[in-house]
Amino acid sequence: MSFLFPAALALAVAVAIPLLLHLRRTPTERRIAFPAVRYLRQAERSRSRALRLRDLLLMALRTGAIALVALAAAGPLVGRGGAGEHPPTDVAIVLDNSASTGRILDDRIGFELLREMALASIALAGTADRFWIYPTVGPPLALGVPPAEAAAGLRRAGPTDGFGDVSLVLERALRSLPEGDRKREAHLLSDLQATGLASLASPDSSSTDRWTPPASTLDASAPGERVPLLIPILSNLPDRNAAVTAARPSEGSSVPSGVPVFVEVGVARFSGEEAEAAASSGARPTRDPVHGDSARVRVDLDGMTVDAVTGLWGENATVSLPPLDAGDHYVRIELDPSGLRADDSRHLTLRARDAPSVVLIGPEGSFLSAALESLREAGRTERGTQIVQILEFGPEVATGGRPAGDASAVIYIPPEDPVELPRFNQTLATASIPWTLLPDVARGELGIAPTDEASRASVSLASARVSRRYVLERTGPAADDSVLIRTSEGDAWLALGRTSAGRAAGSRYLVLGSPLAPSATTIPTTALMVPFVERLLRWATATEATYGGFLAGETYLVPAGTDSVRFPDGTVRRVDSGGPILLPQAGLYRLYRGDAGMPADSSLLAANVPEEEHDPGALEPARLSEMLPELEVVAAEPGAKGWSRRIFRSRRGRDASAWIVGAVALLLLTETLVVTPGGRDRMTG
Amino acid sequence: MPAGSHPVAAAVYGLPTDSRHEPEVPIDGRTRDEMTSRQEEHIGGRGEAGKPDLTERIDLVHPRLLSEIGNLELIARQVLQGFLIGLHGSSRRGRSASFAENRLYNPGDDLRFVDWKVFGRSDRLYVKQFEEERNLRAYLVLDASESMGWRSDADRLPTKLDYAIMLTACLGLLLLRQSDAAGLVTFDDRVREHVAPKALHSQGARMLRTLESVRGSGGSDAGGALRDIPARLRRRGLAVLISDLLVDRDATLKALRLLRHRGHEVLVCHVMDPGERELPAAGEAVYFDPESGEELRADSGALRRVYHRAVEGALAAWRLELARMGADYHLTPTDRPIGLVLREFLDRRARRP
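Going down the list, the sequences are from chains A and B. For what it's worth, the numbering used here labels the leading residue of the first sequence as 376, then goes sequentially. For what it's worth, the numbering used here labels the leading residue of the second sequence as 16, then goes sequentially.
If you're looking for bench data, these hints aren't it; they were derived computationally from the structure.
On the chain A side, residues computed to face chain B include the following (Cβ under 8 Å):
1) F409
2) S421
3) R422
Since we're looking at a predicted model, the values are computed, not measured. Ideal Cβ positions, reconstructed from N, Cα and C, are used throughout, including at glycine.
With these hints in hand, go ahead and build the complete structure from the sequences.
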């Protein structure tokens, strides 16, 4: 209820008048001789209680009448006005379209409910109102537009499986509201997922990470008033969730064809209470480690279920894929449906390729040749069309030995004898490889440490030792150069690159820092040798695989030449070659080159739900109010009706003065009836 | 008395009334014509030919007008005279075993006394008249307490004491006229005056003098005054208590029971101001009893109905208690003409076995 003239409420002080009159009524001093007092006393005794009640009733009637008169004078406005019955208002709407709003409530997803409320906001707007609409995932839908355009923008919005940093978007939305005399409101249409508001929950107020509201949250049009932040209450959304939190292929995304592939899968369960507690303490939500309770994990390969295992919550399980044919493959790891459907599945893509043919140039009977023979016998080489040339440098290798014309990659193994090193370096220079080897001045046994890229390989080199090595030194700028393995001292030990000049420009190369001989490293004499050599071959032949490391809600730059993309929901959209696209959903994206109707020349891309979205725990509105003292947080009842009642707080209701005056008349009539002899008799018997 | 004087005075002295006054003096809210016609109706109307001159019926004049005359003896004798004039045509001569004469039947006469034998012979209605017994010793016990000096409307009503005095005087003279021995006791919180009952011709004058000296004051010990009477009435007699009954109820009833126990007849004339029976709308005030000093703050408007109920209850209680002991109870409002009261008195006396 609001008032046209709130100052008139001061008249309500007048209710004290009948109260004082009643309490401090001065008894009349008129004295009348009356011999039959005994009858009077008898009558008075029997009626005194009724009289007291009558007096109290009269006092209540008179007090009520005065209070109502004051109320009527103040011009009370009851209820909420209709559409546009409020001063021009700038409204910032933050529409949460993150993955957590995909939870189902009453057969509808949460996002639809939120968007319905946003549309209700617009439906109640006047033509002079302006809207700024920010989804938590994706670009703004409207910036200072009238209601009609805002509604159109809202209808374009859809749910995503991305992570919505609500606090960040809210800050951006509040900053966008211009300062001035116009009323301002912010509508935060969100499920208030705690992880999305984590930056608000930092317990350290001095922390630089803490969310700071824009300076303009004070309502300039009404001094002392804060900009209202209206939030809905979606109390019935499921607050428990299970998710596939990880899916890591043992071989990385680029796997050899024809061999089984193992995928490590993580499953976890989340409870809302735990998430909220974690958010309140500023800590990251933890997974719910319910041991003894298991989850059924299914594995689909290219649409066919190929494996199913039982995994424990909070622990990893390993699933196996059958040997893959060469080419791109789509793998989906799936749980039974839970609160949030999007993260019940995890998606990844694998690129399988045939093992290359190997041309070894080097001494006969070396450890390397023995390892290659073992691989060949196992069918792990000599299958595909690619050719890898290995130069195990020695006296028998001619200086400047060029790779075979059809070799796609060359692996350079330095000589055991340092005397041969200049020739080796000359060979590298001839091949336009920007690396050179220097004799190692340091002595002693060193460990080797694979870089991140290398660590994804299945080969564990932790037990390997290097006792003699050359120092790999870069001699010039090198495109795509990278160091895959370093010594424990941090020096490069294995370099990978692609030549940029010469006849073999564009071919891959690998340069090792030690000869594969027992005098230099322990690798040849251990079981590591064969896997390590196979690993070298894969590095040498690896192509860029899309892998499953993309997150829904992120923007992705499509590779040059891409014309269109098929989204997980089946829609195909044209894209700008090399341009950005938003990955709204978790799932498989197919990138097409050339005619969109011909998927032969395509590549795959898998996107998954960000880990912040797994935990559905929400903040209580009261907690949000504590976190945002700069704003006037107003929680609205569930549903569009409850929302409509709260928004546009400056709306005027209907003037109820006439009704109150009628009520006053009724009270006075009642008072008259009580006071008049007839009424008095009725009251007193 | 000059011509054109007050109508009551004219009635008392037998003077012609001043026509200017007659329609202009309302009595109890009614014109005199209205009142007399009603009184005539009350006492039994007659045909045009036999209609008495009501201006001579002083016994039916409003008590307030009587009290203005001031001379009690004059009032009492004139009222009694007027009363007897009215009585002359009726059968109110009492009854006893000794038959006196027959007279023509008048409407209102008791049909029990119609002489049917004469009717059979003459085809006319006659009623039998008897000689009254004349050896009654009666005490008139008058309450002269402070409360009796009150009236609710000084313009329209006499005080209860004035009314009671007039009534006592008339009753005394009526008794003496019937050759009964009449005595008088006045009391407030104790017995103030005592006139022993005698049937002498001078007894009336003694009683009137005593009554003229009565002033209302003090409390009201009716029980104490009544307790002496059995000892003074050596043989069966009559005690008439004239009081507003704002007395110690239990003590009074006890004394009356004693009288009845001794075989005496008891009549209680409850003199009551109309303002005591129907509470006037005086609003909120402190009401105090001038006799006891008892006070009560009350709003008469709010209590009117329940007060009326309380008073009626009290009257009913008196009536019941007195009836149980075989005593007569007679409610006598102070706006009631004394002649009517005397008639009722005689009626009650006549109905007694």
